[in-house]
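Asker: Required output: the full structure, derived from the provided sequences and hints.
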Amino acid sequence: MSPRTFRLTDSALAALGAGRPDADTLGTLRRAQLSRHLLLLREIRRAQPEAPAWFARLTAADPDEARRLIADPMTGLWAAHTLRDGASADGPRPGGHSLHTTCADLTLTVRVDDADPLRHLLGLTPAGPLSGSELAHWQRCLDDAWRILVTRHRPAAETMAAVLRVIVPVRPDPAAEGISATSAEAFGAVAMSPPADGTALAVGLLHEVQHSVLNAVHQLFDLVQPGGAPGYSPWRDDPRPPLGILHGAYAYLAVTRFWRAEAPDARVAGAVGGVAGFEFARWREAVMAAAEGLLAGGHLTAAGTRFVTALADEARPWLADAVEPEVARLAGLAGADHRVRWRLRNLTVAAEDVAALAAAWRAGQPPVRVRSVPTAAPGRALENSPRVRLARTLARGDAGRGESDPVLTPGGRAAAADRACLRGEHGAAENAYEECLDRDRGDDRAWSGLALVSPHRAVRERPEVVKALASALPEAEIGVLADWLAG
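Taken in order, the sequence shown gives residues 374 to 860; the numbers are from the numbering used here.
Hints were generated in silico from the structure; no laboratory data involved.
Hints are not guaranteed to be accurate.
FRET-style restraints, in silico, Cβ to Cβ [to be verified]:
no., residue 1, residue 2, range
1, R404, T674, 20 to 26 Å
2, A396, L668, 24 to 30 Å
3, A736, E834, 39 to 45 Å
4, L668, D437, 53 to 59 Å
5, G670, P547, 34 to 40 Å
Backbone N, C-alpha and C fix where the C-beta goes; we use that ideal spot for every residue, glycine too.
Answerer: Quick look at the structure:
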């Protein structure tokens, strides 16, 4: 049998890039994944001289059941793991709990898998077997999420119904509001911590289904050339390669579209406000910045350029949507906060450069030029900032909660500085952050906050350099050092 070739037209690829695939395109991706699973199983069978139990089960099943088993996301995960690591375990038996939800004649059926022994390969720590009440919580959230998606985001719901097959519950991360992941080896499977409510589940599933779709596309077409250096991603606190940045932009394209569609309920005098406006304004800027960076970076293939161009064309008109000014300010502050914290976490100045700067300062000479260089890869780190959580609270209009909530604003003086920063009281915030730094010049929370409100350009643009020099010269005033660095 000759190998089958899977093709997409230019218009179909562009529709995928815009996050608007049609049913035929999604069908092509599903068939391609089925073909991939068959090829993996063939290679495993060739390596096993005696017929294994999984092979006997498949050959004994009727054609529809065999196809369902082969196409299952966890079969792809198992097969890739077996070939890569030489595992000898028998193939997976789809287990867990089947959940169904229907709204306006559109049904979503998923398996909540709390049993597969390889479900940790999705990248997060699996939860244990679900209790009855835990399963009921997943069903309630799924019903609510599906109602939201079908009634207000129908095209996205149709994509989800065509792609999503498995949800693997995982343990929550105390430092994050919710965690989720997908694997390129398990098309249609999502690992996710228990959602707070239907809206959180809707957003999380939209985000992860986008990853699953992009993984399937990238397996058919190389979108990114190999070898690109890791760089800034608006969605993660660690550096990401170009393909990782593309994944973030594509996932948040769907998230931004979701909040844009939710936003009309929060319009005030024609401008979007509330949490919907905050999330929409924050992520539209991030998606466009990432897309434009990818297009200018020289790491995309021809197919990748077509894909990202369509992505940018979809998101660009959203920049003209009116957002309530205070909400827009808070969203902009959240974006700036992430970029500053990313620089402080991932960029450093060599010790010899810091010493040369300090020597020039003490000698009354102009500053020498120094470079900020990436630190050793610190590993996966999700975006996490108490200042951003406070910004979201203020956008919601719940200003009082941030005054006393220790989760939102831990840390005494730092908490007061954050509240002043978020309220636009820059002078008070600057003084409070500098007081924190007088006690500890290694306090990254205070440095990142100071960079948001400081009138000194060097602090705003290269906080990691000012921090390094201020730590070497504890007797010097930060503002004076910053002005000296800026020339």
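Asker: Determine which of the earlier numbered hints do not hold for this structure and return their numbers in increasing order.
Answerer: 3 and 4
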